[in-house]
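K.L.:
Take the given structure of chain A and dock chain B to it, following the hints.
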Amino acid sequence: MEVFINLLVNGVSTGLLIFLLAAGLTLIFGLMSVLNFAHGGLFVWGAFSGAWIFKETNSFLLAIAGAIAIGMALGWVLERFLIRPVYGNHVRQLLITLGGMLVLSESIKILWGPNPIRVNLPGWLEGSYQFDGIIIIKYRVFVIVVGLLLYLALWLLLSRTQIGLMIRAGVLDKEMVQALGINVKGLFTFVFLLGAALAALGGALLAPYSGVVFAEMGMQYAILAFIVVIIGGMGSLQGSALASLIVGVAGAFMAYYMPDLSLALNMLLLAIVLLVKPTGLLGEKGSAV
Amino acid sequence: MSLLKLDNLETYLGQYHILQGVTMSVEEGSITVLFGRNGAGKTTTLRSIMGFNPSTTGTVHYQNQKISGIPTHLISRKGIGYVPENQGIFSALTIEETLNLARAKSTGDSEGKMEWMLELFPDLKKFWRKKSGLLSGGQKQMLAIARAYINGDGLLLIDEPSKGLSPIMVEKLMESILEMKEKTTILLVEQNFLMASEIGDYFYIMDDGKIVHDGWMQDLKEDKETCQKYLGIA
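So the sequences go chain by chain: A and B. First residue of the first sequence: 1, per UniProt numbering; consecutive thereafter. First residue of the second sequence: 1, per UniProt numbering; consecutive thereafter.
In short, the hints are calculated from the structure, not lab data. Keep in mind that this is a model prediction, so the values were computed, not measured. Beta carbons: idealized from backbone N, C-alpha and C, even for Gly. The reader is advised that the hints may include incorrect statements.
[Claimed, not checked] Partner residues aside, some chain A positions facing chain B, computed with beta carbon under 7 Å:
no., residue
1, 176
2, 178
3, 179
4, 180
5, 181
6, 182
7, 183
[To be verified] In silico BS3-like links for lysine-lysine, alpha-carbon gap of 30 Å or less:
no., chain 1, residue 1, chain 2, residue 2
8, A, 185, B, 140
9, A, 185, B, 131
10, A, 185, B, 126
11, A, 174, B, 66
12, A, 174, B, 140
13, B, 131, A, 277
Just chain A, with the same shape it has in the complex:
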């Protein structure tokens, strides 16, 4: 029982971190049909800049805010100069965003050196809760709470606000949204910055979680996020949330019970879902919520 609960908590918290990355990706793909591999670069920038700010200021909240600001600034540059010229062309998007990804992770090495960096937990989130022999690490609970709150916030944004309505409609039919007098380019930029902020936040939260950050982890997590987006159904926020949890929890259990298979697990999940439901778990043609 203890093992089960521990694995569950680990899985859910990892899943929610992946969700932060996947949420932006799925909206960017759904609305703008942009394959953004550079998304992982924003994630790793969030991790490093968060870790660095935390080390310098010893304030975790400042670290998170700073990471988000830096992620959004980089996201703006990406959207404006790399992605805007290649809207509507998937091959070019793939090439240029992969290039962007490389530049982002290599520039990390210039600024912070090539070696992995150790990251400490903030004091107020150190330690664990114990109930009857079950030990739950505080920081994981914190990640779960933040992840759930953000999911709720995103859901409210999409389902209850006017800009959310515009985004959902844009996922379905961009041209028609323009014909209703709505500036889709502005909407694109908004969604892109939102995605960048979420990715950077995910990175900043992951850094103390894994205790160490390295430049290559951007690619690793970007691939994971793409798998989640496809499993969940492209453009669907709920789908991404569900798929993130499945991937997180299944990964945690697999790594414990069948470590040899854990590497193959995500691909296996992906293959099964694509065989059974090619549009992904919750992917009907374009419902963003």
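P.N.:
Leaving out everything else, chain B in the frame of chain A:
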């Protein structure tokens, strides 16, 4: 007074020269019908007006302002509503959400326009909370027309509303469009000659990207030769 004026529009889609100098105008308060065979360039004409497929030469004027060359969302905000050929329904949104979206950048009294549309198309009120994708073909068309009118009631561009609908539905829809003429101006693309000739005031016929004929609808009905030549009606 001409509300909309197209002057010598030439539009390419990729390497294809679709519009080859289209000149036409739409009088305020009228229903102007654009006839023509498949592939004549009718849809492209509407799409060029909306700025989706901007013309390479020629101009579009609306209310004596040049609107060619500006982005689609700004063209729409001048008060032009658009009903695309495929209806452009937001299938995952409800009727309520769709019409609220139409009000977001609407010109004029959007509350009043919405009320009138729900009066004209009571089905929309009946299925207010239903997902648009689940509506019947006729209801989707009503929704598309209501959305366009609420968004911009200065001029409506309606692309083949009769497509794929039952004759009874088409008749109902045409009656509604005729009623809407009281408050707006309509440029209607149609292949259904019988229906469109009942409600239209003026007509243009397109062939191979050019306007080949125009005149009063009344005269066209009597002009068997033109009807046969361009519209395939004996």
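K.L.:
Does each hint hold? Answer for all of them.
P.N.:
Verification of the supplied hints:
1. 176: Status holds, d = 4 Å.
2. 178: 4 Å, holds
3. 179: Check passed: Cβ of residue 179 of chain A comes within 4 Å of chain B, closer than 7 Å.
4. 180: It holds, given that the least Cβ distance between residue 180 of chain A and chain B is near 5 Å, below 7 Å.
5. 181: With Cβ-Cβ at 3 Å, under 7 Å, it holds.
6. 182: Where the cut-off is 7 Å and the nearest Cβ of chain B is about 6 Å from residue 182 of chain A, the hint holds.
7. 183: Since the shortest Cβ distance to chain B is 5 Å, the answer is holds.
8. A:185 to B:140: 27 Å, holds
9. A:185 to B:131: Judged against 30 Å, a Cα distance of about 26 Å means the pair holds.
10. A:185 to B:126: 35 Å, violated
11. A:174 to B:66: 24 Å, holds
12. A:174 to B:140: Holds, at about 18 Å.
13. B:131 to A:277: 22 Å, holds
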